[in-house]
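If you read the protein sequences in the order shown, they are chains A and B. Read in this note's numbering, the first sequence has 892 at position 287, and its numbers run on one by one without any break. Read in this note's numbering, the second sequence has 115 at position 88, and its numbers run on one by one without any break.
Rather than coming from a laboratory, the hints here were simulated on the basis of the structure. Among the hints, erroneous ones may be present.
In silico DSSO-like cross-links for lysine-lysine, where the CA-CA straight-line distance does not exceed 30 angstroms [to be verified]: (1) B/Lys186 / A/Lys1046; (2) B/Lys511 / B/Lys403; (3) A/Lys1045 / B/Lys402; (4) B/Lys487 / B/Lys54; (5) A/Lys1107 / A/Lys1093; (6) B/Lys618 / B/Lys588; (7) B/Lys555 / B/Lys402; (8) B/Lys403 / B/Lys555; (9) B/Lys54 / B/Lys186; (10) B/Lys54 / A/Lys1045; (11) B/Lys402 / A/Lys1032; (12) A/Lys1032 / B/Lys637; (13) A/Lys1032 / B/Lys54; (14) A/Lys1032 / A/Lys974; (15) B/Lys137 / A/Lys1032; (16) B/Lys54 / A/Lys1053; (17) B/Lys655 / A/Lys812; (18) B/Lys655 / A/Lys1046; (19) A/Lys812 / A/Lys1100; (20) B/Lys186 / A/Lys1032; (21) A/Lys1100 / A/Lys1032; (22) A/Lys974 / B/Lys186; (23) A/Lys1032 / B/Lys584; (24) A/Lys1007 / A/Lys1073; (25) A/Lys812 / A/Lys1053; (26) A/Lys974 / B/Lys403; (27) B/Lys397 / A/Lys974; (28) B/Lys137 / B/Lys397; (29) B/Lys137 / A/Lys1053; (30) B/Lys555 / B/Lys186; (31) A/Lys1045 / B/Lys403; (32) B/Lys558 / A/Lys1046; (33) B/Lys397 / B/Lys487; (34) A/Lys1046 / A/Lys1032.
Stretch-level coverage of chain A by chain B, calculated; a stretch enters the list once three of its residues show a Cβ under 8 angstroms from a Cβ in chain B [claimed, not checked]: (35) 658–664; (36) 1011–1021; (37) 1068–1076.
From the three backbone atoms N, C-alpha and C, an ideal C-beta is built for every residue, glycine too.
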Amino acid sequence: MENILSILVFFPLVAGLLGFLVDKNSIRVYGIAVASIEFILSLWLWMLFDTSNAGFQFVEMIPLVPDFGISYYVAVDGISLFIIIMATLMTLIGIIALNIEKNIKNLIITLLFLEVAMIGVFVSLDAIIFYLFWEFSLVPMLYIIGAWGGERRIYAAVKFFLYTFAGSLIMLIGMLYVAYVYHSVSGAWSFAITDWYALVLPFEVEKYLFWAFFIGFAIKVPMFPFHTWLPYAHGQAPTVGSVILAAVLLKMGTYGFVRFSLPMFPDASVAYIMPVAILALIMIIYTAMVAYAQEDMKQVIAYSSVSHMGVIIIGTFAMNAEGITGSIFLMLSHGIVSGALFLLVGSIYDRRHTKLMSEFGGLASVMPKYALIYGIMLMASVGLPLTIGFVGEYLSLVGFFKVSPTLTVLAGTSIILGAVYMLTLYKRTFFGPVTNDANKKLMDLDGKELTALVPLVAIVIWLGIYPKPVLVPIDNSVKALTSFMHEKAHTPKAKATILVSKTTREVK
Amino acid sequence: MENLVYIALFAPLVGSIFAAFYGMSPKNIITGIVTSALLFVSFVASAILLNHVMTVGPIHVRMMDWIMAGDMLIPFGFIVDQVSVTMMTMVTLISTIIHIYSNGYMEHDKGFNRFFSYLSLFVFSMLILVMSDNFLGLFIGWEGVGVCSWLLIGFWYHKPDVTRDINPSISPSWAANEAFIMNRIADLGMLVGIFLIYWNLGTLQYDEVFASVGPLENDLVFWIGITLFIGAMGKSAQFPLHTWLADAMEGPTPVSALIHAATMVTAGVYLVIRANPIYDLIPDVGYLIAVVGTFVAIFAASMALVNRDLKRIIAYSTLSQLGYMFAAAGLGAYWVALFHLVAHAFFKSLLFLGAGNVMHAMNDQLDIFKMGGLKKVMRWTYLYMGVASLTLAGIWPLAGFFSKDTILEVAFNEHTYGIWFILWITAGLTAFYSFRQVFLTFHGTQRYDDADAHPHEVQKYVLIALIPLATLAVIFGGFMDTFKTFTTTLLPAYEMSEHTHHIAWMLIAVTSAIAISGIIFAYLRYGKGLKRNEKLENSLPYRVLSNQYYIPILYDKVFSKPYASLSKFSWQVVDQRIVDATVDGIGGIIKSTGDNTRRMQTGNLSDYLKWMAAGALLLVAIAFLAFKLTQGAN
């Protein structure tokens, strides 16, 4: 299976195109079937993956524009492997849980195209291909928000598109400049990221490039103060859009930091830990407060995403294996948990056509299954040990503690403030007497919703108790990354900050 | 033996999962029976392990890996040594009794099955907490009991929020959230302690940490000690994180017994005892702990003096006794702290369960001003609560006498006479408020309406289940020497000086004197029934005490409300009017620029020519300037 990555990328594309031929009434089954096959393919990729090998695997390289060194160059390592699996899983779950009748055929085909873009981003090792997938991912999402969204869907969709697009353009300029520098140093054109890794840049150059890439990634994450597109996008997007957006699309930004910024600009990354960390801190604390002030349940989850992404950034910039491994694991856990929370909000919206917390109260006695799953996801979201949420959050914080104890204590308030807004949400929605008559006869979760949610609950607990099968491959690749960064860094500060870990482990 | 460790640990979890399967169905007595039986299994396993540790020695098992990244490796490992096996036996014994008790207490509750699921899960978390062989494992249990207490305090979640005048705890769900959030504040401290340990010692395993902590810089050890203690303060509800404990009385009474007597609140004391090699290096922090403990002892006792709520009085007394434990642990007498912890667990759970009987009999009435004369109808409960109160007051030869008296001796021995004096006064207060409560509940004349309640004794099996607790509350003091020999194989052996030995009888005499005076005073005031003193009740000190020094209201005004308004401000002003408005503003500028420049597109050729000429001129100018600038630079 040397071509498994290409199959993964293009199978949903072909299936999506064929989807136009499928009858409207069977499109849902078709979509679930395609997404299931894709998910199983990604699991198979995991089976085939050599977990003791920290480098890139399943490499495919087909020159496209040889004169400019542009090629179809894809591969995975421990860092991207699990994000891909999460993307296929969340797409599948999103399609299973679909509750939209209007133009369902277009929606499912759009979701399959979106899946192509997402997987494309995480497997690309050629900057141009990466950029193409990166931008292509905007289109299906624009369509999903714009066509199936709420009242202000056009405003939200356009804002989402233009904002992230503007950021990406700056990143593109950065990419072109790196290619130019590469050409002037080596005499050949190349857009292969692995070639770029070898490029040792003077700090003056690294500095500007770091910020050019930073803008592109930061808007995608989204980092404060570039985050305001997100509440609109979530507020207007249909449930499936929010699930994919929160679970996978945001991770492109944080993944970008790990894939590009850290190995390409280790010195600048270390030099700018403080400004980046301060932005991340603002994300953590300030957005947690904003989340607490919300009236709308979905907005709480949307802002809480920003807050958690702050912890991911902190972990990424810890410059040691503990923190970076933790941040990648947190990307996965946040994907699962926030995806599940958006599904849960969607369930109640389908029943009551409102997401305002003041409309609810006492739901625990009317919908016990719903309350139970919500409760488990809430606990995972606030990072309770033995749920998936703890592992990544803990490791990210522990990693950054090495860089700055003070800032880590401030970032650690995330565990308090997270509990404050989530428990308040839960109390307002689920506890107290049932005061609103409209809530007295609500149906508990049905079979379809449980099919979507129960696997996520199982993952939340499984990876909370036994994260080893996922942590070790990530950690191996991260250790290779940190030792590479340490090797490459030339400023004394970066050499001292980037820690090389000597421990090696295997999944038994 | 390894298997026994797992049986002791996982039996409650199995019970919890079993009951959870019935969680959404109507009451099924099987859940109560199965969970109680499994708890008993866990107790028996713990008792066998206790014997094993006594005769053979500690057991250390490693189940599997948990978290690994970088150079960090955290396993699920469990240590059964003198300290943890003591805790295990005590926790499982009391929990078994509480489970049996709950079968009767929750008989008519809709959430019967759910209750047992939570209760057993709580015990499992507590066992993880005491049995883990590393700090992060302890943290699992630490957070686990936090969640379970959230579930249990908020068990009657359907009750609405009311104002503080009607119910000082507002509502079960409010109290549950308060408990969780306050504990989280402390947990952050604990996490920081864990981070410090990891980055300085490279491990979180107890044995490795304690072996290598010695050479560490004193400043670092100081911070480790402080941060771990902050964690302990939350779980053990030490000032200023104490308010959740009294509010936690909103939970069903067996929960209060479980949380307050045997388990959750003692976790903080357990942590300090467990980390004794760290605290031995930093006597200053130890002294601070002792001072905080002493302050809390008298602070909580003072609030208990005037409270009218049966359960809250017992809650404050718990708080006060925790203060004693911290005082002992802070002064380095770890085994004394552990001894008081265990003795307290026996008599305090007895007291709570007795209070539960009274509550049931009185149709959930908690105001002791509206009780009276119950001893006629509830003889056994009267006896139990009387014995528990006597031992809480520290009357010879009951368990509380030995444990509390030793703490006072330690304070004297350390020449910390201030601590000794305050703890001595507190002993008097303790005796007074305990018996005020006993007399108001059981003595005097009936002050409730016959229409409101028909008090009756609880089921026989519930009363029988309490016998072990009552017995231990009476005789446990006799085991003090055995306990000391056993625990001090692991903990530092604290010895009194010659001098203290000589005057020990005098200390005992003055302590007993103040305790007995407290009881006598309570009898004089309340022995014959309630004589209300309006003037006293309206005086300022009385109101300050009955309003918990206005601390809950202060927290509300200083933290909760400003946080809420600042949050609103962040959202509505900063986020929407500044950050997002800037974004939209930039978008607007681009749009209007486009709109304005569109007017150039007139379709008139000569207009275009003019623009072309202007553009060409501009380019030439730029080129010229650039040329000049680069020349200047060269």
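Hint check:
1. B/Lys186 / A/Lys1046: Holds. Lysine 186 of chain B to lysine 1046 of chain A sits at ~19 angstroms (cutoff 30 angstroms).
2. B/Lys511 / B/Lys403: Measuring from Cα to Cα gives roughly 41 angstroms; hence the hint is violated.
3. A/Lys1045 / B/Lys402: Not OK: lysine 1045 of chain A and lysine 402 of chain B at ~45 angstroms, beyond 30 angstroms, violated.
4. B/Lys487 / B/Lys54: Holds. Lysine 487 of chain B to lysine 54 of chain B sits at ~21 angstroms (cutoff 30 angstroms).
5. A/Lys1107 / A/Lys1093: Distance ~17 angstroms between lysine 1107 of chain A and lysine 1093 of chain A Cα, so the pair holds.
6. B/Lys618 / B/Lys588: Violated, because 42 angstroms separates the two Cα atoms, which is more than 30 angstroms.
7. B/Lys555 / B/Lys402: 13 angstroms, holds
8. B/Lys403 / B/Lys555: 14 angstroms, holds
9. B/Lys54 / B/Lys186: Given that 30 angstroms is the threshold and the Cα spacing comes to 20 angstroms, the pair holds.
10. B/Lys54 / A/Lys1045: The given pair, whose Cα atoms are some 22 angstroms apart, holds under the 30 angstroms limit.
11. B/Lys402 / A/Lys1032: 40 angstroms, violated
12. A/Lys1032 / B/Lys637: Roughly 69 angstroms between the alpha carbons, so the hint for lysine 1032 of chain A and lysine 637 of chain B is violated.
13. A/Lys1032 / B/Lys54: Distance ~25 angstroms between lysine 1032 of chain A and lysine 54 of chain B Cα, so the pair holds.
14. A/Lys1032 / A/Lys974: 16 angstroms, holds
15. B/Lys137 / A/Lys1032: The given pair, whose Cα atoms are some 20 angstroms apart, holds under the 30 angstroms limit.
16. B/Lys54 / A/Lys1053: 28 angstroms, holds
17. B/Lys655 / A/Lys812: Since the Cα atoms of lysine 655 of chain B and lysine 812 of chain A sit roughly 28 angstroms apart, the hinted pair holds (cutoff 30 angstroms).
18. B/Lys655 / A/Lys1046: This hinted pair is violated, its Cα atoms lying about 80 angstroms apart.
19. A/Lys812 / A/Lys1100: 16 angstroms, holds
20. B/Lys186 / A/Lys1032: 11 angstroms, holds
21. A/Lys1100 / A/Lys1032: Since the Cα atoms of lysine 1100 of chain A and lysine 1032 of chain A sit roughly 49 angstroms apart, the hinted pair is violated (cutoff 30 angstroms).
22. A/Lys974 / B/Lys186: 20 angstroms, holds
23. A/Lys1032 / B/Lys584: Roughly 21 angstroms separates the two Cα atoms, so the pair holds.
24. A/Lys1007 / A/Lys1073: With a Cα-Cα distance of about 23 angstroms, the restraint between lysine 1007 of chain A and lysine 1073 of chain A holds, given a limit of 30 angstroms.
25. A/Lys812 / A/Lys1053: This hinted pair is violated, its Cα atoms lying about 50 angstroms apart.
26. A/Lys974 / B/Lys403: 46 angstroms, violated
27. B/Lys397 / A/Lys974: This hinted pair is violated, its Cα atoms lying about 41 angstroms apart.
28. B/Lys137 / B/Lys397: 28 angstroms, holds
29. B/Lys137 / A/Lys1053: The hint holds at about 28 angstroms.
30. B/Lys555 / B/Lys186: 37 angstroms, violated
31. A/Lys1045 / B/Lys403: With Cα atoms ~46 angstroms apart, lysine 1045 of chain A and lysine 403 of chain B exceed 30 angstroms; violated.
32. B/Lys558 / A/Lys1046: 52 angstroms, violated
33. B/Lys397 / B/Lys487: 26 angstroms, holds
34. A/Lys1046 / A/Lys1032: Between lysine 1046 of chain A and lysine 1032 of chain A the Cα gap is close to 20 angstroms, so the pair holds against 30 angstroms.
35. 658–664: Violated: only 0 residues of the segment 658–664 of chain A have a Cβ under 8 angstroms from chain B.
36. 1011–1021: It holds, with 6 qualifying residues against the three required.
37. 1068–1076: holds (count 5)
Violated hints for the displayed structure, listed by number in ascending order: 2, 3, 6, 11, 12, 18, 21, 25, 26, 27, 30, 31, 32, 35.
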